[in-house]
Amino acid sequence: MIMARYGIPRERVLYSRDLSFAGEVRRLTAGRGVDVVLNSLAGDALVVSWECVAPFGRFVEIGKRDIFSHGEIAHVPVCKECIVLRGGFESCVGWWRWGIDRGCCSKGWQFEGDGRYVIAGGLGAMGRVIAEWMAAKGVGHLVLLSRSGATSAEALAFIERLQSQGAAIYSPVCDAADGESLRAVLDRCKAHMPPIKGCIQVATVLRDSFFEDMDHESWSVPLKSKIDASWSLHKQLTANLDFFVLFSSVAAIIGSQAQANYAAGNTFQDELSRHRISKGLRTLSVNLSLVGGLSGSRPSIPIWRSSSS
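The opening position of the sequence shown corresponds to residue 6 in the working numbering, with each subsequent residue numbered one higher.
Keep in mind the hints are simulated off the structure, nothing from the lab. These numbers were taken from a predicted model, which means no experiment stands behind them. Beta carbons are placed, not taken as given, at the ideal position from N, Cα and C, and that holds for glycine. The hints are all genuine.
Simulated restraints, written as ranges between beta carbons of each label pair:
no., residue 1, residue 2, range
1, TRP236, GLY143, 28 to 38 Å
2, GLN262, GLY12, 50 to 60 Å
3, LEU293, ALA141, 15 to 25 Å
4, GLY12, GLY62, 18 to 28 Å
5, GLN262, ALA196, 45 to 55 Å
6, PRO177, GLY297, 23 to 33 Å
7, ARG10, GLY62, 22 to 32 Å
Restricting the straight-line Cα-Cα distance to at most 27 Å, the calculated cross-link-like pairs of lysine-lysine (DSS-like) are:
no., residue 1, residue 2
8, LYS202, LYS240
9, LYS240, LYS284
10, LYS195, LYS142
11, LYS240, LYS195
12, LYS202, LYS229
When you get a sec, could you build the whole thing from the sequences and use the hints?
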């Protein structure tokens, strides 16, 4: 009668005397659920009906039994990821059963041992962490760009530690924001070293100040480390890279008090990433939040304040 009167396809008329209808709803909606559930079921059937609600959907209860008994249900839709994973698991089991996919895990991505990798800001706090991790992963050749070079005792000790792990380190004095300086360094790499296979741009300069108090230098210096340096690397390294990673910040998304300059620079990096991707270049912009344990990760003015009511 329902099919004839309302023109509803047979496969969309589900059996509600057991709980199998919930799985069918997920299957028919590709795991999304439905926008509106008009429910008169009780007990477990009410709970699984609730699970069929799509994000931002509506659940309209017209039954009386659970209302009169003060029944409660969990707020399941806040965890739709669990439903999607469950649906995916059911699909995977079916694929495995019919030999479509044997479920083998893909091998993790590996650095090329004979390639050379560039880290702009490689002797800064974040750059050192990344370089040490890459060396531990078998990277044999690293170019660590920095404005001051390896002049401090700390930087020299760090390079020696990487070399003791078998990595060849080239740490020239190079401001990546200076296109000519960067070109000279990269030309030397091309002439005497293995090919550059990847680049990580982590250079950062902070000049925190409220916008009304910010002078031109405080505005422009952080932008150079983000905008000029990223653009120079983009222009010089366009082809045959396995990756081009820009370390941006969540400040580009939600802003950050007293860091309008920093937020603007990171916004540029996010858009540069989109631009490179549109050109078919392998690029990623990572919007980091506050990173503890690294010098330079905390703002230089007190922007966190406790309050009491």
